[in-house]
Every structure is written in structure tokens, then in C-alpha cells.
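K.L.:
Here's the letter readout for the chains.
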Amino acid sequence: QQQVKQSPQSLIVQKGGISIINCAYENTAFDYFPWYQQFPGKGPALLIAIRPDVSEKKEGRFTISFNKSAKQFSLHIMDSQPGDSATYFCAASIRGSNYKLTFGKGTLLTVNP
Amino acid sequence: GAVVSQHPSWVICKSGTSVKIECRSLDFQATTMFWYRQFPKQSLMLMATSNEGSKATYEQGVEKDKFLINHASLTLSTLTVTSAHPEDSSFYICSARVGGMNTEAFFGQGTRLTVV
Chain A
21 QQQVKQSPQS
31 LIVQKGGISI
41 INCAYENTAF
51 DYFPWYQQFP
61 GKGPALLIAI
71 RPDVSEKKEG
81 RFTISFNKSA
91 KQFSLHIMDS
101 QPGDSATYFC
111 AASIRGSNYK
121 LTFGKGTLLT
131 VNP
Chain B
180 GAVVSQHPSW
190 VICKSGTSVK
200 IECRSLDFQA
210 TTMFWYRQFP
220 KQSLMLMATS
230 NEGSKATYEQ
240 GVEKDKFLIN
250 HASLTLSTLT
260 VTSAHPEDSS
270 FYICSARVGG
280 MNTEAFFGQG
290 TRLTVV
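Just so you know, the protein sequences line up as chains A and B, in that order. The first sequence begins at 21 in this note's numbering and counts up by one. The second sequence begins at 180 in this note's numbering and counts up by one.
Next up, chain A with everything else stripped away, as it sits in the complex (with noise of 0.2 Å):
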């Protein structure tokens, strides 16, 4: 069972465009939605990440937007660079777990020049 849904799989954007990759969940507990970035052959690093009691978040060119009624949340890539191609995880993870992350399947984006 798939806790966290990412779309799409794969996105192509050109340079200057905006980049939406959207996320939902199906789990109310959870309370913590962080997005992350991985590079080939490297870990994950962390992007943005918001709470449940806000509806956005924005962070330079990176926005999260939150929708708890939905249960999705989604990132915003504004004036996206080609230097921003990478794979992106949306996450989503519980207090009482030690925020133990469940993680979407990712989506790999690439800017074109």
C-alpha cells in the first residue's frame, strides 16, 4: 500500500518555466511534509518542508503548497534552471514515529536549456 502518491514520474520544463510536481497522501496522522533532492549517485538533501497549519510555504524559487482538506501537497519550481534536474521525493512522516519518512516514488525532472 502506497502511503504517499507522486505525479507525474517524469517532467520536462524549459528554462524559466515552472516545474509542479504533486503529491497526495492518504494517512491523517501524518504531520510533517518535507520535499527532498537527489542528484545522481548522491543522498538526498532537503528542499522545503512544511507543517499541516500552514497552506504555503515559500522558500526563494521553491514554494510548497498544502491542501489538507485534499490531502495533497504540491512543489513549485519557479524560473526553473537546468541545473535544477534532479530527481524530486515528496515525504511524508508521523511525530510519534520518530518522523520515520514515507517517501513518493519520485519524480525526475529535466530543464531543458
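Honestly, the hints are just simulated from the structure, not real lab data. All values reported here derive from a predicted model rather than from experimental measurement. One or more hints might be untrue.
Below, a list of computed lysine-lysine pairs in the DSS-like style, where the Cα atoms sit at most 25 Å apart [said to hold, decoys possible]:
1) B:K234 / A:K120
2) A:K120 / B:K243
3) A:K25 / B:K193
4) A:K125 / A:K88
Given chain A, put chain B in place with the hints provided.
P.N.:
Below, chain B alone, put in the same frame as chain A:
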């Protein structure tokens, strides 16, 4: 941000041998460490959670006798793949948390294991 270091970055071993992977938190004390496995073009699969001084909690389907995890100190956790076989070849990644209300998990750079 905090730094988590894995060693080695890559290792090749012969089938039937054991290999140990180290995960160190360099500038913070990690009460909880996690070990993941990642196959090419796939997501991270949690193998086990370890708290310092306690036995690791393994996820369903992960063989605890094959993947030995030790979290002997607040800055070091080790994963030993025992009697490795080619199907154990994978990318192994650790992450570490400070604990308490601090939610962020910091990831190591990963270890590429190839069993020949």
C-alpha cells in the same frame, strides 16, 4: 546544515563475504538514525530505524540477520551486510535526526554496494 558522512562511498565485494558501512553525524548528536536502500530509478525504501543504545527496529520483509545494524554512539551507526549476494547490490543511504521536536533528517551521500 548538519553533515552526515557515509563510508565508504562505494564498495565491491565477493559473494559470500560481509561488508560494513559506516554512517557518522559530524557536527551533531543523532538520537535516531535510519537506513534506506535504493534501487536504480526507484524511491528510497526504509530498512530499519535505530536509536542510540537500543536494538534497531526493522521494517517488514527486511532480514535482520542479514542486515546488522549497530548504533553504539550518538554519532555513529553501522550497517553490516552479511554473506552478501549479487541481489544485495544496491545504493544504501543513511539519515540522522537530532531527535525531540526537531523534525529534519539529514542524509548521507550514500554507499554503492556491488557484490560480484
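K.L.:
Hints first: check each against the structure and report whether it holds.
P.N.:
Against the structure, the hints:
1. Straight-line distance between C-alpha atoms of K234 (chain B) and K120 (chain A) comes to about 16 Å, which keeps the hinted pair within the 25 Å bound.
2. For the hint pairing K120 (chain A) with K243 (chain B), the CA-to-CA distance comes to about 18 Å; that is within 25 Å, so the pair holds.
3. Taking the CA atoms of K25 (chain A) and K193 (chain B), the gap is about 37 Å. The hint is violated against a cut of 25 Å.
4. For the given pair, K125 (chain A) sits about 21 Å from K88 (chain A) by alpha-carbon distance, which is consistent with the 25 Å threshold.
Figure legend: structure checked against the earlier numbered hints; the only hint not met is number 3.
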